[in-house]
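*Asks:* Spelled out from the first residue to the last, the chains are:
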Amino acid sequence: DAGVTQSPTHLIKTRGQHVTLRCSPISGHKSVSWYQQVLGQGPQFIFQYYEKEERGRGNFPDRFSARQFPNYSSELNVNALLLGDSALYLCASSPQGVIRENTEAFFGQGTRLTVV
Amino acid sequence: AQSVTQLDSHVSVSEGTPVLLRCNYSSSYSPSLFWYVQHPNKGLQLLLKYTSAATLVKGINGFEAEFKKSETSFHLTKPSAHMSDAAEYFCVVRHGSGNTGKLIFGQGTTLQVKP
Chain A
1 DAGVTQSPTH
11 LIKTRGQHVT
21 LRCSPISGHK
31 SVSWYQQVLG
41 QGPQFIFQYY
51 EKEERGRGNF
61 PDRFSARQFP
71 NYSSELNVNA
81 LLLGDSALYL
91 CASSPQGVIR
101 ENTEAFFGQG
111 TRLTVV
Chain B
1 AQSVTQLDSH
11 VSVSEGTPVL
21 LRCNYSSSYS
31 PSLFWYVQHP
41 NKGLQLLLKY
51 TSAATLVKGI
61 NGFEAEFKKS
71 ETSFHLTKPS
81 AHMSDAAEYF
91 CVVRHGSGNT
101 GKLIFGQGTT
111 LQVKP
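Each protein sequence line maps, in turn, to chains A and B.
Number 61 in this note's numbering belongs to position 61 of the first sequence; there are no gaps in the numbering.
Number 43 in this note's numbering belongs to position 43 of the second sequence; there are no gaps in the numbering.
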């Protein structure tokens, strides 16, 4: 079975540009979450989506947005890129629809975004 | 609010010696705790999770963790380190209220294994 897949794997953008990152969850998983991992730090929660609805949002500016499609894949969009947006963006999917306490998340390899 | 603190940013051991990576948690109720590992330029892989069924949790690749409520700790151990264990390790707690399901990561511990 394929794991969580993310595209692209690497991306270089210029300040002020817009970027779209894509994620396909494990087959049968309905919940997708996005995390930002700045170099040398632990991942920080950005969004969670379940059944195409936003179920959680982290402390990120409105330049960050996301959506989930009927096939449960997801996109993360970032507008007006800043140098500080350079990071590894990780997508995670979870098997249960209603997240229970001990449900682990399965992570993709991430998209490395560099803003210059 | 829930949080985790990894007490060491960097741990260095010799191959074949025990590994101890320390994690303390803060939670207002029974926490959902995990350890994830991240190899260079790779995504995150689950090592083990605490499910309240047992305080000693066994994971992959010979790793274990013991949940100690009295000490609010969830330390990760391995009896004998292997070169392939060199990686970044994250202690994680799941934010459990409602169904947001977000994971809260510690700062990470870099494990170096010397030959």
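Derived by calculation from the structure, the hints in this document are not laboratory data.
Any given hint could be a false lead.
Far from chain A by the CB rule (all over 10 Å, computed), these chain B residues [as the list claims (entries may be wrong)]:
id, residue
1, Arg-22
2, Lys-58
3, Thr-72
4, Ser-80
5, Gly-106
6, Gln-107
With a straight-line Cα cutoff of 20 Å, these simulated EDC-like cross-link-like pairs (lysine to aspartate or glutamate) come out [to be verified]:
id, chain 1, residue 1, chain 2, residue 2
7, A, Lys-30, A, Asp-62
8, A, Lys-13, A, Glu-51
9, B, Lys-68, B, Asp-85
10, A, Lys-13, A, Glu-75
11, B, Lys-58, A, Asp-62
12, B, Lys-42, A, Glu-104
13, B, Lys-49, A, Glu-53
14, B, Lys-78, B, Glu-66
15, B, Lys-42, B, Glu-71
What you are looking at is a predicted structure, and each value in this text was computed from that prediction instead of being measured.
From the three backbone atoms N, C-alpha and C, an ideal C-beta is built for every residue, glycine too.
*Asks:* Against the structure shown, which of the earlier numbered hints fail to hold, in ascending order?
*Replies:* 5, 6, 7, 8, 9, 11, 13, 15
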